[in-house]
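As you go down the protein sequences, you meet chains A, B and C in turn. Following our numbering, the numbering of the first sequence begins with 1 at its first residue and continues without gaps. Following our numbering, the numbering of the second sequence begins with 326 at its first residue and continues without gaps. Following our numbering, the numbering of the third sequence begins with 656 at its first residue and continues without gaps.
Derived by calculation from the structure, the hints in this document are not laboratory data. Heads up, a few of these hints could be off.
[Stated by the list, open to error] Taking lysine-lysine and the DSS-like style, the derived pairs with C-alpha atoms no more than 27 Å apart in a straight line are:
hint, chain 1, residue 1, chain 2, residue 2
1, C, Lys963, C, Lys979
2, A, Lys272, C, Lys857
3, C, Lys727, A, Lys272
4, C, Lys802, A, Lys272
5, C, Lys802, C, Lys857
6, A, Lys272, C, Lys872
7, C, Lys857, C, Lys830
8, C, Lys872, C, Lys979
9, A, Lys272, A, Lys260
10, B, Lys388, B, Lys400
11, C, Lys727, C, Lys802
12, A, Lys299, A, Lys272
13, C, Lys748, C, Lys830
14, A, Lys82, A, Lys34
15, A, Lys34, A, Lys130
16, C, Lys748, A, Lys260
17, A, Lys260, C, Lys857
18, C, Lys857, C, Lys928
Predicted model, so just to flag it, every value in this text is computed and none were measured.
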Amino acid sequence: MTLLQVRNLTTQFFTDEGVVKAVDGATFNLDKGKTLCIVGESGCGKSVMSLSLMRLIPEPPGRIVQGEIMFNDVQGERDLLKLSNEEMRRIRGKRIGMIFQEPMTSLNPVYTIGNQIGEAIALHEGGSNKQVKERTIRMLELVGIPAPEQRMREYPHQLSGGMRQRAMIAMALSCTPDILIADEPTTALDVTIQAQILDLMRELQRELGMAIIFVTHDLGVVAEMADQIAVMYAGKFVEVGTAQQIFNDPKHPYTQGLLKSIPSFEKGTEGKRLPTIPGVVPSLSNLPMGCAFADRCEKVKDRCRGEAVSEDPCNVGRLVRCFYA
Amino acid sequence: MVNERQTYASMIWRQFKKSRLAVVSLFVVAALVVIALLAPFIANERPILMRHAGEWSMPIFDKASLTLSELDVIKDSSSGDLWFINPPIPFGPTTYDLDSVLSPPTKKHLLGTDGDGRDIVSQLIWGSRISLSVGVVAIGIAAIIGIIFGLLAGYFGGWADMIISRLIEIMTCFPTFFLILTVLAFVGPSIFNIMVVIGITGWTGIARLVRGECLKVRGRQFVHAAVVSGARDGRIMWRHILPHALAPVLVSVSFGVASAILAEAALSFLGFGVPASTASWGSMLSEAQEYMDIGWWLTLVPGSAIFVTIMAYNLIGEALRDAIDPNMKT
Amino acid sequence: MSESLLNIQNLTKGFPIRGGILGREVARVQAVRGVDISIDRGEVLGLVGESGCGKSTLGMLILRLIDPDAGKIIFDGQDITTMPQSKLRPIRKSMQVVFQDPYASLNPRMSVGDIIGEPLLVHKVTSSKERRDRVMDLLKLVGLNEKAYGRYPHEFSGGQRQRVGIARAIILTPKLVIADEPVSALDVSIRGEILNLLEDLKDRFSLTYLFISHDLKVVEHISDRIAVMYLGQIMEMFPASELCEARHPYTQALVSAIPVPDPDAKRERIVLKGDVPSPIDPPSGCSFHPRCPYAKDVCKSQEPQLDKYGDGFFAACHFIDEMKAHSVGSELASK
Ligand SMILES: Nc1ncnc2c1ncn2[C@@H]1O[C@H](COP(=O)(O)OP(=O)(O)OP(=O)(O)O)[C@@H](O)[C@H]1O
Ligand SMILES: Nc1ncnc2c1ncn2[C@@H]1O[C@H](COP(=O)(O)OP(=O)(O)OP(=O)(O)O)[C@@H](O)[C@H]1O
Ligand SMILES: [Mg+2]
Ligand SMILES: [Mg+2]
């Protein structure tokens, strides 16, 4: 079942330097129980994308200028962008949960974690104090925090990074949302802790059947988590496909470059030069008319610079924004 | 290159410009500086340029030459060879026009005269020199002391920090104004003493600021990089740390200038300031007391001048502070 | 002159945590606990470990940016452990650093030319004209445009800034460069370029690197030898090319935790239980024992020493001889 249908979502920031086209015409579907990974370099618009879905873009300077976000649950299909603020508030947290990039800044340092999770539960589910407390403990148990009765009385700074991130996940999951948006939930963590968290998320997904939008720039993490992958470059999706399609048969030159530039453990690659993508990402407030990747692309031809690229000019059968895929 | 070329200073200026009031204030301050510098040419009892008996002279720089009123007398009697240019305000700050004592604003005396027949506009213009120099010199002294102490405390920490921080605490506990009064009672009131005393009592704010900035920057990696490259402490403080503290110091300086001007006015008002023969805004106010009920212009004019100047410096300081707000960019 | 360029013995550093109104020391973060390492001339030693395990502290100790509590640092045949800063200054020429954060490591108020040229100025090596020429040469060498000379750091992207940082580090042609996570803050597509640049410069100026990172893949790519650090101690050391032969349970867990960019890879993972313990109160015995799947009683009470267990292999583990090289490693290598 398709839970979320995003069409042509466009978010811009109106700044002194000009209009920043942070998300430009994003289109995708998200199915129940599946994971969509959004990958891309720093500043390409991943966080703005996830905030737009939650309608949390700071306004001004930002604004969602067009598009629709069709959300389909038991109550039927509706466009999140057309809901009133009050209706949207009820969807946030309850139907769509979110985990932020930096766990320390998104937990309130003056309340215990038990307080914060309990508040989310009380707000959306209600129930007596005792019920809320029991549920809080169950959530903390679920995300693998040992001795939850004690831990829930602690403040965020008393927890380690991994614990905090788990508390964030517990908070996001406390109302069993249909969709979980996770914005680089493991980037600030160590590999061994990251492995724990990824395991946990997959397990919870299996158990609760929720859909996940997972934002990251680590292709390794993507390979572990994704069913669908959207590769983002300078505010636009440049390639969308299943995990197998993207990793085994990448079509867009940017995707190909990204995959090649990760060092691997393969024997005989030590000391060899790494393949690279030359050049830098263009500024989002001053994008070229044609393909934004043109200046860094090996296959670039005149057409790439002169003409806007449609979603699938080569008829690959999925979104591949390249004339010469 | 990601951004277009833009230095830190130009970034601050761009933010600063957004505040209309601050830009106006900047013009006010600039105008005051120009007026203070050109005071002898604007308001003087002697001609700017004179030709007499075939010789050119600039009487404004010659205290022995004839004043305008004296020239008026000989003008008719002497031969045709007398020519001179009047300053726009043909009165010095100590020209006693005995024909119009306590005159309200008239065509001749645009803002009236005081009880001794001195022209108010002229006094105002000359008084701005005192205000300006007190502001600049006193805060200059304060800034130098503050920067040095702040750097030493913040960079070396330990004992240096201990001593300087305690000193700052002690200094801030004293009621500065009364400290100044006491000191002046010993060393005697003069404009120089006032500047020095305001300077050496006013450095604590800047020192604290520089110290804080220093602590913030000292742990940054580029400072480590400088240490690793073998740079000496002096160089690190001067090249790597001070430039970061400069913008906030500038903010503090513009507030400081305002309070120094106010302090000078208050001191002069109380009679501890410049000698009575020198015109200053504070002494004008002080003298106006006697004629409170009949000479409204006597208090209104210097009072407004002080008000406008202090407002201008404070507005500039505030706009600067907003412009360097670290939340916006570093 | 000894064979190794840098030799550190039993290096130890703790940071006091002060509390209470009197600012008394209430506890101590034991950041580096008795580390022995030696680096040969022309070698790249990779240092990996999780966040907070003391990698940067070790780097700062070697650079004498902080003073050790105990131990010895012998650089280029000289004991610099307690050398006063004034005597250290000439030695600093041959010991440089590249930092992790390309935004924090360049003074935003100085132009790129001044930043790169500063070491020359400080050591009064050249006239100002020569200095300019040297900086220009170096700009070209690290792949920056000559126009960069008069520009300020904020006008550059992260990768370009890191090039500036590298240029500053090598302008005095040092012997040892400590690279503290030089690519961790960069995007994947730029990482490769910087790693390639570091390798080119190493060959060209015969540099020696201590390459610090938390990313085992990056370390494996660039290093000759790898040291694995955990809670302020070295757990294992081995030749980089033999990563899959490394047997310490922590190294194996690290290897298996790395996500592999292949959706079809089915692998057996070792997911460690629990968190990294606090360096304020490190566990008794082997510091890894609370998370180690093979821990026995002796691990809780007795601290293992870093012992040789093969040609070029060293590990601090009581049961290293019973450990097998994990299947994950060999599986990765066979792919
Ligand atoms: N409040 C804002 N005002 C102006 N521009 C903004 C604002 N928030 C984001 N942007 C711009 O939008 C673009 C996308 O930012 P975003 O945070 O989505 O990047 P990201 O892909 O999440 O990067 P990262 O991997 O670093 O988190 C950036 O160029 C950023 O400068
Ligand atoms: N100046 C300091 N004062 C107190 N504690 C410190 C200080 N510097 C580092 N520490 C502590 O020492 C430990 C080791 O820190 P260090 O920065 O060396 O870790 P690291 O391995 O470099 O981690 P990362 O990968 O996050 O850079 C940490 O627990 C840290 O909190
Ligand atoms: Mg982001
Ligand atoms: Mg570090």
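Each hint, compared with the structure:
no.	hint	verdict
1	C:Lys963 x C:Lys979	16 Å, holds
2	A:Lys272 x C:Lys857	14 Å, holds
3	C:Lys727 x A:Lys272	35 Å, violated
4	C:Lys802 x A:Lys272	31 Å, violated
5	C:Lys802 x C:Lys857	25 Å, holds
6	A:Lys272 x C:Lys872	13 Å, holds
7	C:Lys857 x C:Lys830	10 Å, holds
8	C:Lys872 x C:Lys979	21 Å, holds
9	A:Lys272 x A:Lys260	13 Å, holds
10	B:Lys388 x B:Lys400	19 Å, holds
11	C:Lys727 x C:Lys802	44 Å, violated
12	A:Lys299 x A:Lys272	24 Å, holds
13	C:Lys748 x C:Lys830	8 Å, holds
14	A:Lys82 x A:Lys34	25 Å, holds
15	A:Lys34 x A:Lys130	34 Å, violated
16	C:Lys748 x A:Lys260	37 Å, violated
17	A:Lys260 x C:Lys857	23 Å, holds
18	C:Lys857 x C:Lys928	39 Å, violated
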